[in-house]
Structure formats: C-alpha cells, structure tokens
Amino acid sequence: MSQYIFLTLALISIATALLMVFSKNPIHSVLYLIVTFFTIAGQYVLLNAQFLAVVHIIVYAGAIMVLFLFVLMLLNLNNATEPQKSNTWKVAGAIASGALLLTLVGALKGSTQLTASETANAQVGLVENLGRVLFTDFVVPFEIAGILFLAAMVGAVMVGKRDLKM
Amino acid sequence: MLETIRQIPVEHYVLYSTILFVIGIFGVLTRRNAIVVLMCVELMLNAVNLLLAAFSTYLGDAQGQIMVFFIMVVAAAEAAVGLGILVMVYRNTKSTDISLLDKLRD
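So the sequences go chain by chain: A and B.
Start counting the first sequence at 1; every next residue gets the next number (the numbering used here).
Start counting the second sequence at 1001; every next residue gets the next number (the numbering used here).
Calculated directly from the structure, the hints in this document are not laboratory data.
Treat the numbers as computed from the prediction; the structure is a model and nothing was measured.
Heads up, some of the hints might be wrong.
[Unchecked claim] Keeping only pairs whose Cα atoms sit at most 30 Å apart, straight-line, the calculated DSSO-like set for lysine-lysine is: (1) Lys-109/A x Lys-1094/B; (2) Lys-1103/B x Lys-24/A; (3) Lys-1103/B x Lys-109/A; (4) Lys-1094/B x Lys-24/A; (5) Lys-109/A x Lys-90/A; (6) Lys-1094/B x Lys-161/A; (7) Lys-161/A x Lys-1103/B; (8) Lys-109/A x Lys-24/A.
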C-alpha cells in the first residue's frame, strides 16, 4: 500500500516541478510549486514525520508562496511577457543538469546499501519527541534562529522602504 | 518499525530527491525571471529537506528532522529578504530579468 502512495506522490511532484520550470507565466509557476509542496507534505506524512508535514504546509504553502504571489501581483508580472533565454542556454542547462543527475545516480549505485534499523523508533517524528529534542539539545540554535528571523524581518523592511533616511 | 520503511527502500527516496534537486538546478540555469529562479532555489531546499527527513526516519534519529526545521527557518528568512531585494531591483530597472543585472561585469 505504502509504495503505491509513495509512487503516486512522487510522480505528481516531479510532474508539477517540471511544469513549474517550463510554464511561461510566473503565476502558473507559483501554483504548480504549491502542488509540489503539498505532495512533499504527503511524503512527510508517509514517513510519520507529522510535525514536519504540518510545519511544511504552514511555512511553505501558507507563508512563502503567499509572499511570492503577493510580489508577483504587486509587480504586475502576471502577463506572459517574460523574455526567454536562447535555445543554446536551454540545451546547455539541460546537459549540465543531466550530467549532474547521472553523476549522483552513479554515485548512489556504487554505495553500500543502508538497511533500515530494526530498532528504529517509529514515533520519532511526533511533536512530543521532536519538541523534547528541540528544547534540550538544540536550545541555543533555536534561540539563534529567533535572532535570525528578527534580523531578516528588519532587513526586509529596510530594503523595502522607498526613501530611506539614515 | 514503520510499515513505510519496511516496504520502500531508502534508495527510492535518494533517487526522488535527486530528481527534484536536478529539476531545481535546471530551472536556475535556464529561467530569466528572478522570481522563478528564487522558486527553483526553494524547490532544491525542499529536495534536501525530504532526504534529511527520510534518513532521519530510517535511522530512528530525531536530529535529522530538527535540521529540516532549521532549514525551513532559514528558507523563510531567505525568501523574505530575497523578495525585498527583488522589489527594490524592480523599482530601479522596471524588470525582474536577471540578465539585466550585469553591472558588476564591466
């Protein structure tokens, strides 16, 4: 049962990611990317990483992609007037990324196989366990992440101001 | 042991994440709209996140999922600042075409 769900979600996300890259209209790109993010959230649920699935939907589909849509609509870029790169560039990009894919797959084939640990705790992705680890072993990085957010917020406001008086 | 990790070998997750990551790289290399380039970077970050979460579940270790959480934090901050810079660029050049931003080259 699980492998069918995995295959379906994987095929949908790869197809929508390709559509995101190839669609001319940036609004369509954003919408396809949102579908990709929802299928990745489905993969997290399949891996029993429920905390990550919920945070992924809230942060990516709820915050980041809404920000992208807002910027697209504010800049009024929803018409298909985007200049395209020449075909030479597209062929070069396809060759470069295809070579990277071949390299990574080849490296994977030669590697030793990882067997899943029999004693693996299946409850590791629940909020209770992750919260305990986050607030005991990772308190300092957590607080630093808060400072990073504050700095990013101040930076975004400073960059976005029309006439900045120092 | 989880039913999922008994039925799906971890190599499938590696292959799947690799394909998503390569699609992101292809988008970064071939698109000229800066917003779409930023979206492709988000896709690459997500491919890495998925692989970290998969290994974390297969090994039963929570630290990988904590790392995914921090990557999401950094991705949110990056998107906010990046889009702010992009709005500023649009105000100055009236375009989001990244091939116009070559002033440092000459």
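Outcome of the hint check:
A hinted pair counts as satisfied when its Cα atoms are at most 30 Å apart, and Lys-109/A with Lys-1094/B does not qualify at roughly 48 Å. Between Lys-1103/B and Lys-24/A the CA atoms are separated by roughly 26 Å; this keeps the pair inside 30 Å, and the hint holds. With a CA separation close to 44 Å, the supplied pair Lys-1103/B and Lys-109/A exceeds the 30 Å bound. Taking the CA atoms of Lys-1094/B and Lys-24/A, the gap is about 19 Å. The hint holds against a cut of 30 Å.
Proposed proximity of Lys-109/A and Lys-90/A is supported: the alpha carbons are some 28 Å apart, at most 30 Å. Pair hint Lys-1094/B plus Lys-161/A holds up; C-alpha atoms about 17 Å apart against a cutoff of 30 Å. A hinted pair counts as satisfied when its Cα atoms are at most 30 Å apart, and Lys-161/A with Lys-1103/B qualifies at roughly 23 Å. With a C-alpha separation of about 36 Å, the suggested pair Lys-109/A and Lys-24/A falls outside the 30 Å cut-off, and the hint is violated.
When each numbered hint is compared with the structure, violations occur for hints 1, 3 and 8.
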